[in-house]
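**Student:** The whole structure should be built from the sequences, with the hints applied where relevant.
Quick mapping for you: the protein sequence lines, in order, are chains A and B.
So the number in this note's numbering is just where the residue sits in the first sequence, counting from 1, plus 78.
So the number in this note's numbering is just where the residue sits in the second sequence, counting from 1, plus 9.
The hints are simulated quantities; they were obtained by calculation from the structure and are not laboratory data.
Please read these numbers as outputs of a predicted model, since none were measured by experiment.
Keep in mind that the hints are not guaranteed to be accurate.
With the C-beta cut set under 10 Å, the calculated list includes, among others, these residues of chain B facing chain A [what the hints assert, rightly or not]:
| hint | residue |
| --- | --- |
| 1 | F145 |
| 2 | V149 |
| 3 | S150 |
| 4 | V153 |
| 5 | G180 |
| 6 | V182 |
| 7 | T183 |
| 8 | Q234 |
| 9 | Q261 |
| 10 | L275 |
| 11 | F307 |
| 12 | L332 |
Interface residues of chain A toward chain B, partial, derived using beta-carbon atoms under 8 Å [what the hints assert, rightly or not]:
| hint | residue |
| --- | --- |
| 13 | Y218 |
| 14 | K303 |
| 15 | T323 |
| 16 | L334 |
| 17 | K341 |
Listed below are the simulated EDC-like cross-link pairs for lysine to aspartate or glutamate, each with C-alpha atoms no more than 16 Å apart in a straight line [said to hold, decoys possible]:
| hint | chain 1 | residue 1 | chain 2 | residue 2 |
| --- | --- | --- | --- | --- |
| 18 | A | K303 | B | D27 |
| 19 | A | K234 | B | E190 |
| 20 | A | K329 | B | E316 |
| 21 | A | K234 | A | E201 |
| 22 | A | K231 | A | E80 |
| 23 | A | K243 | B | D134 |
| 24 | A | K303 | A | E201 |
| 25 | A | K329 | B | E311 |
| 26 | B | K330 | A | E324 |
| 27 | B | K118 | B | E190 |
| 28 | B | K75 | B | D57 |
| 29 | B | K328 | A | E332 |
| 30 | A | K160 | A | D279 |
| 31 | A | K341 | B | E238 |
| 32 | B | K328 | A | E325 |
| 33 | A | K335 | B | D26 |
| 34 | B | K254 | B | E228 |
| 35 | B | K303 | A | E106 |
| 36 | B | K290 | B | E311 |
| 37 | B | K290 | B | D27 |
| 38 | A | K303 | B | D136 |
| 39 | B | K303 | B | D317 |
| 40 | B | K118 | A | E332 |
Beta carbons are placed, not taken as given, at the ideal position from N, Cα and C, and that holds for glycine.
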Amino acid sequence: MEILVCIKRVPDTAENEIEINSAGNDIERDDLVYSVNEWDNYAVEEAIQLRDKVGGSVTVITVGDEESEEVLRREMAMGADKGILLTDEAFENSDGRGVAAILKAAIDQGRYDLILTGAQADEGAAQTGGMLAAMLEYPYASLVNEIEVLDDKTLKIGREIEGGKQEVSSIGLPCVLSIQTGINEPRYVGIRGIRKVASVDIPELGLSELGLSADQVGEAGSRVKRVDYFVPETGEGAEILEGDTEEVAAKLIEMLKARGGIK
Amino acid sequence: MTTHIFAYIEHHEGLADDSSLELVNAARKIDPQAQVTALVFGSGDSLDPLCQEAAKTYTEVWKVDKQELAYPNAEIIRGLLINLLPKDGICLVPHDTFGMDLAPGLSIKLNSSFVADVVDIEGADGDTLKTVRQEFGGQVSTHVNCNIAQGAVLTVRTGSFPADESKSASGRVTDKSDAAESVEARRTFQEVLEAEMGEVDISKEDILVSVGRGIGEEENIEIAQELAEAMGGVVSCSRPIVDAKWMEKSRQVGTSGQTVKPKVYLALGISGSFQHMGGVKGNPFIVAVNTNPKAPIFQAAEVGIVEDLTDFIPELTEKIKEL
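**Tutor:** Right under this line is the structure:
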């Protein structure tokens, strides 16, 4: 089975406090720690496990700048066979449709049975997989938390739905699936693993190689545009308890007692 | 400008989802004069009562009754919507596991714009619709402008717009079953598997000590367990803890886990995403302990403590034991 996994380099929210820059047009990116989008890491692990079961290959692909190469290499160190970097100045500030169009152009140049994305990334839109599937005219399922290969043409899949339930379906190949966290346990990648793939060639494809025109992608092709970042004015929020640890604990205990929090 | 806006009505076991009352108010924020049509898709006897109910909130209701809609398979529904919706309309869908499945592809097929997980709408100015959404797990908000000249599909976060409880629309129900031509779906629904129950039913507990990613290491869950025991409650958790296989799925609070209604909810190292908070009902006394003072949990909590969990929690436990 030829599997393609679409990944993204994102600021790691577990490692960073996200702050808005003084102009209000972006987040402060100077000291951010970046990593592969968490959902994508599960998608790559799933692809590797499927390949190891039924044969074939795993390709990881991303739309981004030169620095995105590091997440491709990280996922290749996990076990992906190939990496492709889709990069061009014209791709900057693409909206969801633009990103999906870039990926589609690259997919049209290959032959893949199964395309995986993470269920969502840093923007929380959960849109790339569904858009890509529609452009490719492939069936789609989101929030997939189980995959079983039935035969060369069919998968049995589970989708995570509300209340911890699982929706089970069959889906025809080729298809696009967006992967939910928890589907597997992504393997650990050490420095040595990354060194091993440090010199593997990663092809870079831009606007002309993909046969795209500048008005389809980037700022020019976007119908959806982020205007600014802001912190909404909300209610007062929590009363923050001040003092040393002992004082804070004593204050909290009084509050908990009053609210039935200690039996 | 009058815009034709559609609201997709989700329903389960014959009852309309809460979002059905909220989407109409989202539509009014796009255009107070808009004609808003409810889309009620399904099959069988429960469909007509659902349409009658929707007609109390929406002036127009389009009913699509087909056998293959007995279960809401987004692949089938997308195909029907493509044949039914006008190209320049605006279609609102709840941002939940169904909406995420349906909506992005629908926007491509309708050649319209797409904005996901809209939390507010600041109106339309000509062809520009001004929406608000969040990024980075709710840590920052953004204004997003969407060109609606060729229509739009928006997914709307549940609970972001007030419910219209007036029931005063006396709308008209039109059967569109024949106009919506079926398409072949390559995804076939088989069954829904119920969530596994654990030894503890967190949905019935009054005191929950809930742990999130900020707990850091699996061993640290023990300090939360000791606190829960001292308080007379039990331990629950957020999604990353289950993903890491540190606790069972039955202990997970959130839209994809359990809905809980405790009196007291202690959130330890939980950032407070809308998916997590969506599972906390009944207006409990929420205490958040987190090292990141910007975490969204501090908006939901009544009391906040910005301290390291591994220092603070054992101290708190000791003091409670001394009582």
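**Student:** Each hint should be assessed against the structure and marked as holding or not.
**Tutor:** Taking the hints in turn, this is what the structure says about them:
Hint status for F145/B: holds, given a least beta-carbon distance of 5 Å to chain A, under 10 Å. Interface restraint check for V149/B: the shortest CB-CB distance to chain A comes to about 5 Å, inside 10 Å, so the restraint holds. Taking 10 Å as the C-beta contact cut-off toward chain A, the hint placing S150/B at the interface holds, the least distance being around 5 Å. Annotation: interface hint on V153/B holds; nearest CB of chain A at approximately 5 Å, less than 10 Å.
Given the 10 Å rule on beta carbons, the hint for G180/B is violated: about 28 Å separates it from the nearest Cβ of chain A. Interface hint status for V182/B: violated, as the beta-carbon distance to the closest one in chain A is roughly 27 Å, over 10 Å. Given hint, T183/B at the interface with chain A, is violated; its Cβ is 27 Å from that chain's nearest Cβ, farther than 10 Å. The beta carbon of Q234/B is not positioned within 10 Å of any beta carbon in chain A (closest approach about 15 Å), and the interface hint is therefore violated.
Satisfaction of the interface hint for Q261/B is found here, the shortest Cβ-Cβ separation to chain A being roughly 7 Å, below the 10 Å cut-off. Interface hint at L275/B: satisfied, since its Cβ lies 8 Å from the closest Cβ of chain A, which is below the 10 Å cut-off. The beta carbon of F307/B is positioned within 10 Å of a beta carbon in chain A (closest approach about 5 Å), and the interface hint is therefore held. For L332/B, the suggested interface contact is upheld, since its CB lies about 7 Å from the closest CB of chain A, less than 10 Å.
Hint on Y218/A holds. Least Cβ distance to chain B is approximately 6 Å, under the 8 Å limit. For K303/A, the shortest C-beta to C-beta distance to chain B is roughly 5 Å, which falls under 8 Å, so the interface hint holds. The interface hint given for T323/A is met, as the beta carbon of that residue sits about 5 Å from the closest beta carbon of chain B, less than 8 Å. A cut of 8 Å between beta carbons decides the hint on L334/A: the least distance to chain B is about 7 Å, and the hint holds.
Checking K341/A against chain B: minimum C-beta separation of about 3 Å stays under 8 Å; hint holds. Taking the CA atoms of K303/A and D27/B, the gap is about 30 Å. The hint is violated against a cut of 16 Å. Proximity of K234/A to E190/B is assessed by CA-CA distance (about 27 Å); at most 16 Å being required, the pair is judged violated. Distance hint between K329/A and E316/B is fulfilled; the C-alpha atoms sit about 14 Å from each other, no more than 16 Å.
Only pairs whose Cα atoms come within 16 Å are accepted, and K234/A paired with E201/A is rejected, the gap being roughly 29 Å. The straight-line distance between the Cα atoms of K231/A and E80/A is roughly 12 Å, inside the 16 Å bound, and the hint therefore holds. For the proposed pair K243/A and D134/B, the alpha carbon gap of about 41 Å is over 16 Å, so the pair is violated. Between K303/A and E201/A the alpha-carbon distance is near 13 Å, which keeps this suggested pair within the 16 Å criterion.
For the suggested pair K329/A and E311/B, the alpha carbons sit about 14 Å apart, so the restraint of at most 16 Å is met. Of the pairs offered as hints, the one joining K330/B and E324/A holds, with about 14 Å between alpha carbons and a cut-off of 16 Å not exceeded. Taken as a hint, the K118/B and E190/B pair is honoured in the structure, with Cα atoms around 15 Å apart against an allowance of 16 Å. Between K75/B and D57/B the CA atoms are separated by roughly 13 Å; this keeps the pair inside 16 Å, and the hint holds.
A hinted pair counts as satisfied when its Cα atoms are at most 16 Å apart, and K328/B with E332/A qualifies at roughly 11 Å. Between the alpha carbons of K160/A and D279/A the distance comes to roughly 9 Å, so the proposed pair stays at or under 16 Å and holds. Our distance criterion of 16 Å between C-alpha atoms is met by K341/A and E238/B, whose separation comes to about 10 Å. Taking the CA atoms of K328/B and E325/A, the gap is near 11 Å; set against the 16 Å cutoff, the hint holds.
For the given pair, K335/A sits about 37 Å from D26/B by alpha-carbon distance, which is inconsistent with the 16 Å threshold. For the given pair, K254/B sits about 13 Å from E228/B by alpha-carbon distance, which is consistent with the 16 Å threshold. In summary, the hint linking K303/B to E106/A is supported, as the alpha carbons are separated by about 14 Å, within the 16 Å threshold. Restraint check: the Cα-Cα separation between K290/B and E311/B comes to about 14 Å, which is no more than 16 Å; the hinted pair holds.
Note on K290/B and D27/B: the hinted pairing holds, with a Cα-Cα distance of about 14 Å set against a maximum of 16 Å. Distance check on the hinted pair: K303/A and D136/B sit about 13 Å apart at the alpha-carbon level, within 16 Å; holds. At most 16 Å may separate the alpha-carbon atoms for a hinted pair to count; K303/B and D317/B meet this at roughly 15 Å. With a CA separation close to 58 Å, the supplied pair K118/B and E332/A exceeds the 16 Å bound.
The structure shown violates the earlier hints numbered 5, 6, 7, 8, 18, 19, 21, 23, 33, 40.
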